[in-house]
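Counting from 1, one number per residue, gives the positions in the sequence shown under our numbering.
Just so you know, these hints were derived from the structure itself, not from any lab. Note that beta-carbon positions come from the ideal geometry of N, C-alpha and C, so glycine has one too. Hints should not be assumed to be uniformly reliable.
Claimed, not checked - Cβ pair distances, simulated, as ranges:
hint: 1; residue 1: V166; residue 2: R6; range: 20 to 30 angstroms
hint: 2; residue 1: H310; residue 2: D13; range: 19 to 29 angstroms
hint: 3; residue 1: D448; residue 2: Q262; range: 27 to 37 angstroms
hint: 4; residue 1: D482; residue 2: H138; range: 28 to 38 angstroms
hint: 5; residue 1: A173; residue 2: T10; range: 23 to 33 angstroms
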Amino acid sequence: MIDDSRIEITGTDLRCGDVVRVAHRRAWAELQDDAVTRADRAHRLAVELGATRAVYGRTTGVGANRHTVVDPDAADQHGLRLLRSHAGGTGEPLADDVVRAAMLIRLNQLAAAGSGVHPRVLRTLETALRVGAVPLVHSRGAIGTGDLTALAEIALTLAGEHPWSVGALNPIAISPGDALAFISSNAATLAEAVLAWHELTRVLAASHVVTALSFCALGGSPEAYSERVHAARPHPGSMRCAVEMRRLLGMDGELTPGQRLQDPFGLRAFPQVQGPALDAAAAVEQVLTIDLNAAAENPLIDIETEQAYHHGQFSTAHLALVFDHLRAALHHVAELSAARLSDLVEPDLTGLPAFLAQGPAGSSGIMILEYVAHDALAQLRHAAAPVTLGTAVISRGLEDHASFSTHAIRATVTATSAYRTVLACELLGAVRALRLAERELPHTRLRDAYEHATAALPHIPHDHPLTTEIQQAERILPTLADS
Numbered sequence: 001m002i003d004d005s006r007i008e009i010t011g012t013d014l015r016c017g018d019v020v021r022v023a024h025r026r027a028w029a030e031l032q033d034d035a036v037t038r039a040d041r042a043h044r045l046a047v048e049l050g051a052t053r054a055v056y057g058r059t060t061g062v063g064a065n066r067h068t069v070v071d072p073d074a075a076d077q078h079g080l081r082l083l084r085s086h087a088g089g090t091g092e093p094l095a096d097d098v099v100r101a102a103m104l105i106r107l108n109q110l111a112a113a114g115s116g117v118h119p120r121v122l123r124t125l126e127t128a129l130r131v132g133a134v135p136l137v138h139s140r141g142a143i144g145t146g147d148l149t150a151l152a153e154i155a156l157t158l159a160g161e162h163p164w165s166v167g168a169l170n171p172i173a174i175s176p177g178d179a180l181a182f183i184s185s186n187a188a189t190l191a192e193a194v195l196a197w198h199e200l201t202r203v204l205a206a207s208h209v210v211t212a213l214s215f216c217a218l219g220g221s222p223e224a225y226s227e228r229v230h231a232a233r234p235h236p237g238s239m240r241c242a243v244e245m246r247r248l249l250g251m252d253g254e255l256t257p258g259q260r261l262q263d264p265f266g267l268r269a270f271p272q273v274q275g276p277a278l279d280a281a282a283a284v285e286q287v288l289t290i291d292l293n294a295a296a297e298n299p300l301i302d303i304e305t306e307q308a309y310h311h312g313q314f315s316t317a318h319l320a321l322v323f324d325h326l327r328a329a330l331h332h333v334a335e336l337s338a339a340r341l342s343d344l345v346e347p348d349l350t351g352l353p354a355f356l357a358q359g360p361a362g363s364s365g366i367m368i369l370e371y372v373a374h375d376a377l378a379q380l381r382h383a384a385a386p387v388t389l390g391t392a393v394i395s396r397g398l399e400d401h402a403s404f405s406t407h408a409i410r411a412t413v414t415a416t417s418a419y420r421t422v423l424a425c426e427l428l429g430a431v432r433a434l435r436l437a438e439r440e441l442p443h444t445r446l447r448d449a450y451e452h453a454t455a456a457l458p459h460i461p462h463d464h465p466l467t468t469e470i471q472q473a474e475r476i477l478p479t480l481a482d483s
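Please put together the full structure from these sequences, using the hints given.
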């Protein structure tokens, strides 16, 4: 039987879903002996190399100080000085789940045996994850060229010089070469990236359900999701979306005509717009999976060739660019959701009262939802702007490029939150329309999702504040995809 509560750390096969489970404390990490053995070989090799040649960050300073040779008699303090000088983060502390994810990712990267850190660092990270000890890590200080401030804070916490946020462990010694080897990673940014990707994919999955409810409320035409239609232009995401819509709507065999010859774009072009977002999310997962298992430390201590290689693997251009792409795709998806909401309040399309209002003449019904949705859509539009058009030149001009991947990911968190509001407004409109029209839903998972939504969202006929219902609709969105 597979133990889903245990994640084996090998340095080669960590998945995004594993990171999410450990971050949320639904699983724990266990280092494999072979990974520790490889890490020990890399550590011994790094010590040997440092005794015979210049190795960046071990026998030299860092950044523009790369040619400054460290006094061998003071090497024991060089690592701690490096950590202390780089632990200059500020801003709000990172959430505990982000820090747990960062520790897990860094542990797995170190298990890939390219850093040369002492194996006790790996064992201490493993212990911290097992007992629930979490360092205090600040959020501001990364530009996409290594999470130097965040990882320096974690390292100093392990060394007993920085506070814990939750729990505590006995301090460990930091070997002279451990400092740069530990902080030469983007593990904190990757942690935020995995959790952001996970949350967005959950909301994208809910998009199919909400759109299917709107389809039923509007009496949509199934031709737009036909297998024949999508086989003629087989983009993977669009085909996947169409398959899901056919499944939700019970479209087996002969297609039943809709109420119109052609539906508005919100229904008719949904696979063509949702599809790119699904493809973009898949591309993000692919990049993340590579980086979670990467020995990307600079320099790379390679136990196969017994050499140290200096390089630019700290750059996260891949990560920044795929998240910029994902946000742009999400904006298109959100535009269609707002368009479907407008369709739901239009009597010519639903056969129901304007704004789905009930009560005396002039009642506003859900009129305000369009304002809320377009406010959120505007926020999403600003968050979708590419961050990769900027750069930075630092360290006396030596480091003259930055991807700003951390900012691309945090913009994605903002965009996801805004989209959740847009989609929640559509869900409220679709549920209200279906209640008023008393339409029969197909005997598929869609009916279960609708029953879940109606149980969570009250039906109040008269005009009233909708704030609480919007918030509740946002909360249940991720669960709709699982109904």
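Going down the list of hints, with the structure as the test:
1. V166 <-> R6: 20 to 30 angstroms: Given a distance of about 21 angstroms, which is inside 20 to 30 angstroms, the answer is holds.
2. H310 <-> D13: 19 to 29 angstroms: Between H310 and D13, where Cβ atoms are some 27 angstroms apart, the hint holds.
3. D448 <-> Q262: 27 to 37 angstroms: 30 angstroms, holds
4. D482 <-> H138: 28 to 38 angstroms: 35 angstroms, holds
5. A173 <-> T10: 23 to 33 angstroms: Holds, at about 26 angstroms.
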